[in-house]
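**Student:** Take a look at the letters that make up each chain.
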Amino acid sequence: EAGVAQSPRYKIIEKRQSVAFWCNPISGHATLYWYQQILGQGPKLLIQFQNNGVVDDSQLPKDRFSAERLKGVDSTLKIQPAKLEDSAVYLCASRPPGQATYEQYFGPGTRLTVT
Amino acid sequence: GQQVMQIPQYQHVQEGEDFTTYCNSSTTLSNIQWYKQRPGGHPVFLIQLVKSGEVKKQKRLTFQFGEAKKNSSLHITATQTTDVGTYFCAGAGSYQLTFGKGTKLSVIP
Numbered sequence: 019e020a021g022v023a024q025s026p027r028y029k030i031i032e033k034r035q036s037v038a039f040w041c042n043p044i045s046g047h048a049t050l051y052w053y054q055q056i057l058g059q060g061p062k063l064l065i066q067f068q069n070n071g072v073v074d075d076s077q078l079p080k081d082r083f084s085a086e087r088l089k090g091v092d093s094t095l096k097i098q099p100a101k102l103e104d105s106a107v108y109l110c111a112s113r114p115p116g117q118a119t120y121e122q123y124f125g126p127g128t129r130l131t132v133t
Numbered sequence: 044g045q046q047v048m049q050i051p052q053y054q055h056v057q058e059g060e061d062f063t064t065y066c067n068s069s070t071t072l073s074n075i076q077w078y079k080q081r082p083g084g085h086p087v088f089l090i091q092l093v094k095s096g097e098v099k100k101q102k103r104l105t106f107q108f109g110e111a112k113k114n115s116s117l118h119i120t121a122t123q124t125t126d127v128g129t130y131f132c133a134g135a136g137s138y139q140l141t142f143g144k145g146t147k148l149s150v151i152p
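Heads up: the protein sequence lines correspond to chains A and B, in order. Heads up, the final residue of the first sequence is numbered 133 in the numbering used here, and it's a clean run with no missing numbers. Heads up, the final residue of the second sequence is numbered 152 in the numbering used here, and it's a clean run with no missing numbers.
Don't read these hints as lab results, they were simulated from the structure. Any given hint could turn out to be false.
To be verified - Residues from chain A that keep clear of chain B, each with C-beta distances beyond 12 Å, as calculated:
no., residue
1, 36
2, 46
3, 55
4, 80
5, 90
6, 92
7, 96
8, 101
9, 102
10, 110
11, 120
12, 130
13, 133
What the hints assert, rightly or not - With beta-carbon atoms standing in for the labels, derived distance ranges:
no., chain 1, residue 1, chain 2, residue 2, range
14, A, 103, B, 149, 21 to 29 Å
15, A, 91, B, 60, 44 to 52 Å
16, A, 79, B, 60, 40 to 48 Å
17, A, 103, B, 124, 33 to 41 Å
18, B, 127, A, 62, 20 to 28 Å
19, B, 103, A, 34, 44 to 52 Å
20, A, 115, B, 136, 16 to 24 Å
21, A, 121, B, 102, 12 to 20 Å
22, A, 45, B, 124, 30 to 38 Å
23, B, 48, A, 94, 28 to 36 Å
24, A, 91, B, 105, 20 to 28 Å
Glycine included, C-beta positions come from ideal geometry on N, C-alpha and C.
Isolated chain A, as found in the complex (with noise of 0.2 Å):
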């Protein structure tokens, strides 16, 4: 079974550059998470769809992070304006569908640097 796809695996921008990051979830996997990761930190959730729909948005900086997944299969993750902050691993995540089973496959990650 093929992973979770990510891509670009790293970028490097300008500040108040924009940036865009696509993902991939495992086939049939209903349920896609955005985390952000800083380093030395685990992963907090940006973002939740459960199909096409969102779940969880709360911790996601609305003013300039935006995602979609329109089709409910891939998903893009936007940033702009870029801040230096905003520099960290970007991990997508996907979920098989059911209730007994949490388990979350991660992708590889695509690694922000903003100058």
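Given the structure of chain A, go ahead and fit chain B onto it with the hints provided.
**Tutor:** Just chain B, lined up with the frame of chain A:
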């Protein structure tokens, strides 16, 4: 909101020694998960605990969930160099996981 505290932040052990990391939640959890992240890698699921007082073992790893479902621990017996990485607990509330800051394990051969 829900907070998950994890200690210690770092642990250096000699190969063959035991290792334990502890996790505490500010709220009662529906379940707790443990993940391992190797240096430069992404979190990989280890296990999920659901029941109060649950204990699960995976070879040299022992996971416990507290009776009040607010704390958990991971114990590794006789560490090996392959155990190197950061171990995260993640507490599950209604819909989301809240990760602790992790315990970074270094194993000295």
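**Student:** Work down the list of hints and note, for each, if the structure agrees.
**Tutor:** Here is how each hint holds up against the structure:
1. In this structure residue 36 of chain A is separated from chain B by more than 12 Å, as the shortest Cβ-Cβ distance comes to about 24 Å.
2. Every beta carbon of chain B lies more than 12 Å from that of residue 46 of chain A, the smallest distance being close to 17 Å; the non-interface claim holds.
3. With a least beta-carbon separation of about 8 Å from chain B, residue 55 of chain A fails to lie farther than 12 Å from that chain, contradicting its non-interface assignment.
4. Chain B leaves residue 80 of chain A outside its interface by the beta-carbon criterion, the shortest separation being 17 Å against a cut-off of 12 Å.
5. Its beta-carbon lying about 17 Å from the closest one in chain B, residue 90 of chain A satisfies the requirement of being farther than 12 Å from that chain.
6. Every beta carbon of chain B lies more than 12 Å from that of residue 92 of chain A, the smallest distance being close to 18 Å; the non-interface claim holds.
7. The Cβ of residue 96 of chain A sits about 21 Å from the closest Cβ of chain B, beyond the 12 Å cut-off, so the non-interface label holds.
8. Non-interface status of residue 101 of chain A relative to chain B is upheld: no Cβ of that chain comes within 12 Å, the nearest being about 22 Å off.
9. Its beta-carbon lying about 21 Å from the closest one in chain B, residue 102 of chain A satisfies the requirement of being farther than 12 Å from that chain.
10. For residue 110 of chain A, the condition that its CB be more than 12 Å from all CB atoms of chain B is violated, with the nearest at approximately 9 Å.
11. Here residue 120 of chain A does not stay apart from chain B, with its beta-carbon only about 5 Å from theirs, under the 12 Å limit.
12. Taking the minimum C-beta to C-beta distance to chain B, about 15 Å, the non-interface status of residue 130 of chain A holds against the 12 Å cut.
13. Every CB of chain B lies more than 12 Å from the CB of residue 133 of chain A, the least distance being 21 Å, so the non-interface label holds.
14. A beta carbon spacing of about 28 Å between residue 103 of chain A and residue 149 of chain B agrees with the range 21 to 29 Å that was offered as a hint.
15. About 46 Å separates the C-beta atoms of residue 91 of chain A and residue 60 of chain B, a value consistent with the hinted range of 44 to 52 Å.
16. Distance hint check for residue 79 of chain A and residue 60 of chain B: the Cβ-Cβ separation is about 42 Å, which falls inside the suggested range of 40 to 48 Å.
17. Roughly 35 Å separates the CB atoms of residue 103 of chain A and residue 124 of chain B, a value that falls within the hinted 33 to 41 Å.
18. Taking 20 to 28 Å as the suggested C-beta distance range, the pair residue 127 of chain B and residue 62 of chain A conforms, at roughly 24 Å.
19. Hint check: residue 103 of chain B to residue 34 of chain A, Cβ distance near 49 Å, so the stated range 44 to 52 Å holds.
20. A beta carbon spacing of about 19 Å between residue 115 of chain A and residue 136 of chain B agrees with the range 16 to 24 Å that was offered as a hint.
21. Judged by the Cβ atoms, the range 12 to 20 Å given for residue 121 of chain A and residue 102 of chain B holds: they are separated by roughly 18 Å.
22. For the pair residue 45 of chain A and residue 124 of chain B, the beta carbons lie near 35 Å from each other, so the given range of 30 to 38 Å is met.
23. Between residue 48 of chain B and residue 94 of chain A the CB atoms are about 33 Å apart, so this pair conforms to the stated range of 28 to 36 Å.
24. One distance hint, 20 to 28 Å for the beta-carbon pair residue 91 of chain A and residue 105 of chain B, is violated here, with the actual separation near 38 Å.
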